[in-house]
Amino acid sequence: LFHFHDDSRAPRDGDVTIKVLFYGICHTDLHIIKNEWDNAMFPVVPGHEVVGVVTDVGPGVTKFKAGDTVGVGYFVDSCRACDSCSHGHENYCPQVVLPSNGVDRDGATTQGGFSDVVVFDQGYVVRVPGGLPLEGAAPLLCAGVTVYSPMMRYGLNAPGNRLGIVGLGHMAVKFGKAFGMTVTVISSSPGKREEALDRLGADELLPLGQMVVVGAPSKPWELPAYAIIPGGKGVVGNMVGGIGDCQAMLDFAGEHGITADVEVVRMGYVNTAMERLESRDVRYRFVIDVAGSLGAAA
19 LFHFHDDSRA PRDGDVTIKV LFYGICHTDL HIIKNEWDNA MFPVVPGHEV
69 VGVVTDVGPG VTKFKAGDTV GVGYFVDSCR ACDSCSHGHE NYCPQVVLPS
119 NGVDRDGATT QGGFSDVVVF DQGYVVRVPG GLPLEGAAPL LCAGVTVYSP
169 MMRYGLNAPG NRLGIVGLGH MAVKFGKAFG MTVTVISSSP GKREEALDRL
219 GADELLPLGQ MVVVGAPSKP WELPAYAIIP GGKGVVGNMV GGIGDCQAML
269 DFAGEHGITA DVEVVRMGYV NTAMERLESR DVRYRFVIDV AGSLGAAA
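Plus 18 on top of the position in the sequence shown (first one is 1) and you've got this note's numbering.
Simulated from the structure, these hints should not be mistaken for laboratory data.
These figures come from a predicted structure and were not determined experimentally.
The C-beta atom is built at its ideal place from N, Cα and C for all residues, glycine as well.
Treat the hints with care, as some may be off.
Unchecked claim - Derived lysine-lysine pairs resembling PhoX-like cross-links, with alpha carbons at most 20 Å apart:
#1 LYS237 - LYS195
#2 LYS81 - LYS52
#3 LYS52 - LYS237
What the hints assert, rightly or not - What follows is a set of in silico ranges between Cβ atoms, one per label pair, in the way DEER data are often shown:
#4 GLY106 - SER26: 24 to 30 Å
#5 GLU296 - ASP134: 22 to 28 Å
#6 ALA58 - ARG123: 41 to 47 Å
Work out the full structure, taking the sequences as your base and the hints as a guide.
So this is what it looks like as structure tokens:
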């Protein structure tokens, strides 16, 4: 990654201009910049875990005003007319627009939140509750809603139920415990498992149930059929959540004091952070302090 100047798009009706304060680094960003999905449109500005403050609003904006603290997640537009959009599942719209490496409705390539300023439609921006540390709130815009949405969708939020977790573990543990569930972290790393039990409060193993796939590896993976047949196990996919899910997740996080565990770094450290992320050397999310970085450079 390198620094370059690229003006944000001209604001349209319904747009809000956001000064970026923090952005989280997601493994999706690494896939994009390394073109592991063979769809990168270079030059690309990654970033879809953005927290900032509204500095200006365009005509027709009623949802936000200057000074509001807001977030932007995994998508920033959709067709607004299909069945998915009509039912609050904009994330599954065939014409969903990603904030980075996507194609806007004007045909331009979208540039994401690894920026100091972004401009997006108010309908795809969410309000960050007061009281949440902003650096810890940034990863909620992807990692948080990615686990919260399927937990709500598949009934994995009932108090007393049991939940097994692999991967985006620490966020799911926090939500699961807040829901009043018995939570087990499944990990090949004994150190991570002990940390989950001792610090995050995970409980025990769940041998049966529904497996929700939320990660997108660069290579296909195999699943032996007989492993899921006994006991009626299920495997389903999930991609983040709709705007309503994202706002509900943030509101729930605000009520329960849930944030991501992060390592905050400056913008100049981003390439090292990407290398460490690739080698899994982070507990648990990197967040870039944009305002602090620009202030230090001034």
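Status of each hint after checking the structure:
1. A hinted pair counts as satisfied when its Cα atoms are at most 20 Å apart, and LYS237 with LYS195 does not qualify at roughly 32 Å.
2. Between LYS81 and LYS52 the alpha-carbon distance is near 36 Å, which puts this suggested pair outside the 20 Å criterion.
3. Proposed proximity of LYS52 and LYS237 is supported: the alpha carbons are some 14 Å apart, at most 20 Å.
4. For the pair GLY106 and SER26, the supplied restraint of 24 to 30 Å holds, since their beta-carbon distance comes to about 28 Å.
5. Separated by about 25 Å at the C-beta atoms, GLU296 and ASP134 satisfy the suggested range of 22 to 28 Å.
6. Between ALA58 and ARG123 the beta carbons are some 21 Å apart, a value that contradicts the proposed interval 41 to 47 Å.
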